[in-house]
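Protein chains in written order, with our numbering: chain W, 1 to 250; chain P, 1 to 423.
The set of hints was computed from the structure by calculation and includes no laboratory data.
Heads up, some of the hints might be wrong.
[As the list claims (entries may be wrong)] Between beta-carbon pairs, the in silico distance windows are:
#1 P:Thr326 / W:Gln174: 27 to 37 Å
#2 W:Gln174 / P:Arg242: 44 to 54 Å
#3 P:Glu175 / W:Lys237: 33 to 43 Å
[Said to hold, decoys possible] Pairs of lysine-lysine residues, derived as DSBU-like cross-links and limited to a Cα-Cα distance of at most 30 Å, are as follows:
#4 W:Lys237 / W:Lys173
#5 W:Lys237 / P:Lys363
#6 P:Lys51 / W:Lys237
#7 W:Lys173 / P:Lys176
#8 P:Lys363 / P:Lys51
#9 P:Lys49 / W:Lys237
#10 P:Lys363 / P:Lys49
Where a beta carbon is used, it is the ideal one built from N, C-alpha and C, also for glycine.
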Amino acid sequence: MNYLGIKPVRPRVAIFGFTGCEGCQLQLANGEEDLAEFLSAMRIARFRELSSADEEAYDIALVEGAVTRGDEEERLLEIRDRARVLVALGSCACYGGVPRLKNCFDPVEMNHEVYGCHPRESLPTRSLREIVTVDQEIPGCPVAKVEVERIIQHLIWGLPYRFPAYPVCLECKQRYILCRFEQGELCLGPLTRGGCLATCPRGGLGCWGCRGPAAEPNYGEFIAIARQRGFTLREIKERLSFFGGLEVTP
Amino acid sequence: MKINLSRELPHLARIEGHGNIHLTVTQGEILEARWEVVESPRFFEVMLKGKHYSSAGILTARICGICSIGHCLASLRATEQAFGVTIPETARSLRLLAKHGETLQSHWLHLFFLAGPDFLDLPNLFPLPGSPSEIFQLARRLRGVANRICDLIAGRTTHPVSLQPGGVAVMPSREKLMTLREELHRSLEDIRLTVDLFGSFEIPDFVRETEFVSLKGVSGYPWIGGRLLSSDGVEEAENDYRRMTNEYVLPGNSSKMCRLSRPSFAVGALARFNNNFRMLHPEALLAADRLGLVPICHNPFMNNIAQIVECVQVTHEAIRIVDDLTSHPGDIMAIVTPRSGEGVGAIEAPRGTLYHRYEYDEKGYILRADCVIPTTQNNANIHLDLAPLVRRYAVEGMTDRRLELLCSMLVRAYDPCLSCSVH
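Here chain W stands alone, though its shape is the one from the complex (with noise of 0.2 Å):
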């Protein structure tokens, strides 16, 4: 199938997943409208969740989840080493995720309160940024497949991708969406990247902030605003720090 009359290059991608859910890798098996179509676009070199084949070589690389092993930071290297694009996908690749939450916590009593006196070897929670080069992060808790869709386009074609620098305040607007804040809820709406199509706002629950900063957030401002309406500096933290993708504490 020729595009623009060149025939387009198949790369071979491999698909990777250290700790975390698993559930943004699924995503790629969604979007049946043109599922046969996406995964056409590509030759499928590993994807041990769906496939039990196994080629050594690929071009690019996604990889779910954060790093909290030393195996797991030694496959990671393996695979900078190999791929020639190593995509992060999803926010626990990009900023250590809900993982990321167990940092607060002292490693030794947390273990013992899980496994007793069997305790198993977890490293604080690292993003894939933290180890190695990443030539192109896909945040969101999940992932949306029309954005991973859009992004191996860009990948396959060798063009840069470029976010959206407008907050999810905007994909609410756009969508004539009540505002969760003006509601009375807390909402994140106001700091985090837009391009989600404001799916949470949408489904009634204010925005959790799982896609990262939009452009120049304004953390001071929000937090005076949240403090203002009455929510406690106790709430605001635990939001702004849930999916690690925020960088900063109140």
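With chain W held as given, fit chain P onto it using these hints.
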């Protein structure tokens, strides 16, 4: 009996998460037949401590990318039990509909993409460029219906947004519900094709007697809350789930294990079927009959078939729920006032009975949390199935590759979710 065999299957493919199989047969004796979970632990029970009740369902949904709705619903139920909140009837119906959407998502994923390729002698179900197979198209259509239920009711296919403490945040429009009803009705034909397809597969004939644990159906096939039942005759209240699960830690395995009356027990579609087949819809019973699934079935490979039977069941239930919602819509949200106390939420997630338990302070912050996962409950049973399976099939002449495949198929039949099991 095979004289010698030594196989390591690291990071077994087509299952959720990372697990290994170790097989060693020397001079005709099985030295090792071991199932090992090596997924990285995440410590959700610790992360929940100090979190506000409004965060609990959102946080615990992230335990699993396949059964996020199940985790969210168990979490909400535990919170609502702790605060003494009763949710409105319509919200109850919407939650069950979202749950059914997830069961379909998860079962179809497993049947077509994870377990299916073994029976078709393929490495995966990915379409060849330009010519997607009939089976791929069937899978795509069925998964589409399941995803659209979750999108419509829970607000997203994975990690729900509309399922919240007190009920459900958004009531879908009548038009959208009617469209969904038509789609569900149409999908019954695709389900019939799936029954035919799986009816043509050769399911390994392997039996190891075990104990089956599930919720106890009273007025219908059980999904959310209620008493707990084992096929060995143990019955407990939802709040006393720990007497049913008895979690313990084994060195060298990142998942915990569980036991009840025997060294292991099983949960999931086959357990629910064995314990509650009397509550099934006539069409589901018919599918079971056509596929040769007869209670009480002790063949773990038949869990695949029990999942198909449940897909028939939940599709019929979903159609009935949509009818109820369109004819008698009502309130969808109750007032939630935090108070100190504890609550348990037990639900039937796609892979089996899932429990969340929280202790709250008077302001609604979590003091302690406990989550017991279906795959954790299945792990010991998977492990103990392996040696008899190798013994049964390791006849001389069977290739190592075939034996390896059978062991992989056994693990896959349980549809393990290892991210969940090490939460």
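Each hint tested on the structure:
no. : hint                            : verdict
1   : P:Thr326 / W:Gln174: 27 to 37 Å : holds (30 Å)
2   : W:Gln174 / P:Arg242: 44 to 54 Å : holds (49 Å)
3   : P:Glu175 / W:Lys237: 33 to 43 Å : holds (42 Å)
4   : W:Lys237 / W:Lys173             : holds (26 Å)
5   : W:Lys237 / P:Lys363             : holds (17 Å)
6   : P:Lys51 / W:Lys237              : holds (11 Å)
7   : W:Lys173 / P:Lys176             : holds (23 Å)
8   : P:Lys363 / P:Lys51              : holds (11 Å)
9   : P:Lys49 / W:Lys237              : holds (15 Å)
10  : P:Lys363 / P:Lys49              : holds (13 Å)
Taken one by one, the earlier hints all hold for this structure without exception.
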